[in-house]
Amino acid sequence: AQSVTQLDSQVPVFEEAPVELRCNYSSSVSVYLFWYVQYPNQGLQLLLKYLSGSTLVKGINGFEAEFNKSQTSFHLRKPSVHISDTAEYFCAVSGPGAGNMLTFGGGTRLMVKP
Amino acid sequence: DAGITQSPRHKVTETGTPVTLRCHQTENHRYMYWYRQDPGHGLRLIHYSYGVKDTDKGEVSDGYSVSRSKTEDFLLTLESATSSQTSVYFCAISSPSTDTQYFGPGTRLTVL
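Keeping their order, the protein sequence lines are chains A and B.
The first sequence begins at 1 in the working numbering and counts up by one.
The second sequence begins at 1 in the working numbering and counts up by one.
There could be a bad hint or two in this list.
As the list claims (entries may be wrong) - In silico DSBU-like links for lysine-lysine, alpha-carbon gap of 35 Å or less: (1) B:Lys11 - A:Lys69; (2) A:Lys69 - B:Lys70; (3) B:Lys53 - A:Lys49; (4) A:Lys113 - A:Lys69; (5) A:Lys113 - B:Lys53; (6) A:Lys113 - B:Lys70; (7) B:Lys57 - A:Lys113; (8) A:Lys113 - A:Lys78; (9) B:Lys70 - A:Lys78.
Calculated directly from the structure, the hints in this document are not laboratory data.
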């Protein structure tokens, strides 16, 4: 069984400040890791993913995440946030291979203040 | 954006009535999924399909059934809706070439 913990339910931050959204997972098998973003009243959009290879993954909108196998973490970072980054962010894990189900964390609401 | 549509986008119904939500894809992807989103829980898998007429249960399948008679359509049915099924429902698709799930716009269901 897999589980995902997003340690912060809300993260307030000022515009142009750096941000880190934390994600820890547990799994007995190797995993694929994902970050999705959900803007208000919209569906989920893929931000970035780790399937294999380099542990530092770059995504859209200037976000990046680092897979740390020893700490079972996949934290999301951005060096300078914008008002438009205000959204809910979901970390998710699946087993390797197509068709595997995603297990989601509870989400982190990023609130960027002017 | 992946070619996924969901219908209806909003629905209000009464306890005890049947409800069917539709997910339609134009990507010819093999795998399709239904999730529900509730505050604090992220998204939880209800049912999924790995081919026409091939479906299986997810984490929160009680009270739901699904059908997939053709590749492009995946239906979610609430046989007798309850207030606990008030939620936002998302459909997703994936294929072996991407190992990534892409989500539809969602259906907001309110059961009174």
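Is it true that the CA of lysine 53 (chain B) sits at most 35 Å from the CA of lysine 49 (chain A)?
-> holds (30 Å)
Holds or violated: are the alpha carbons of lysine 11 (chain B) and lysine 69 (chain A) at most 35 Å from each other?
-> violated (43 Å)
Compare the distance between the alpha carbons of lysine 113 (chain A) and lysine 78 (chain A) with 35 Å, and conclude whether the hinted pair is satisfied.
-> Judged against 35 Å, a Cα distance of about 15 Å means the pair holds.
Would the pair lysine 113 (chain A) and lysine 69 (chain A) pass a check requiring their Cα atoms to be no farther apart than 35 Å?
-> Answer holds: lysine 113 (chain A) to lysine 69 (chain A) is near 33 Å, not above 35 Å.
35 Å limit on alpha-carbon distance, applied to hinted pair lysine 113 (chain A) and lysine 53 (chain B) | Distance ~49 Å between lysine 113 (chain A) and lysine 53 (chain B) Cα, so the pair is violated.
Take the C-alpha atoms of lysine 57 (chain B) and lysine 113 (chain A), compute the straight-line distance between them, and say whether it is at most 35 Å.
-> violated (42 Å)
Lysine 113 (chain A) paired with lysine 70 (chain B) [C-alpha distance capped at 35 Å] = violated (47 Å)
Within a Cα-Cα threshold of 35 Å, do lysine 69 (chain A) and lysine 70 (chain B) meet the stated pairing?
-> At roughly 40 Å apart (the allowed maximum being 35 Å), lysine 70 (chain B) and lysine 69 (chain A) break the hint.
Are the Cα positions of lysine 70 (chain B) and lysine 78 (chain A) separated by 35 Å at most?
-> Distance ~42 Å between lysine 70 (chain B) and lysine 78 (chain A) Cα, so the pair is violated.
This entry does not satisfy hints 1, 2, 5, 6, 7, 9, going by the numbered hints stated previously.
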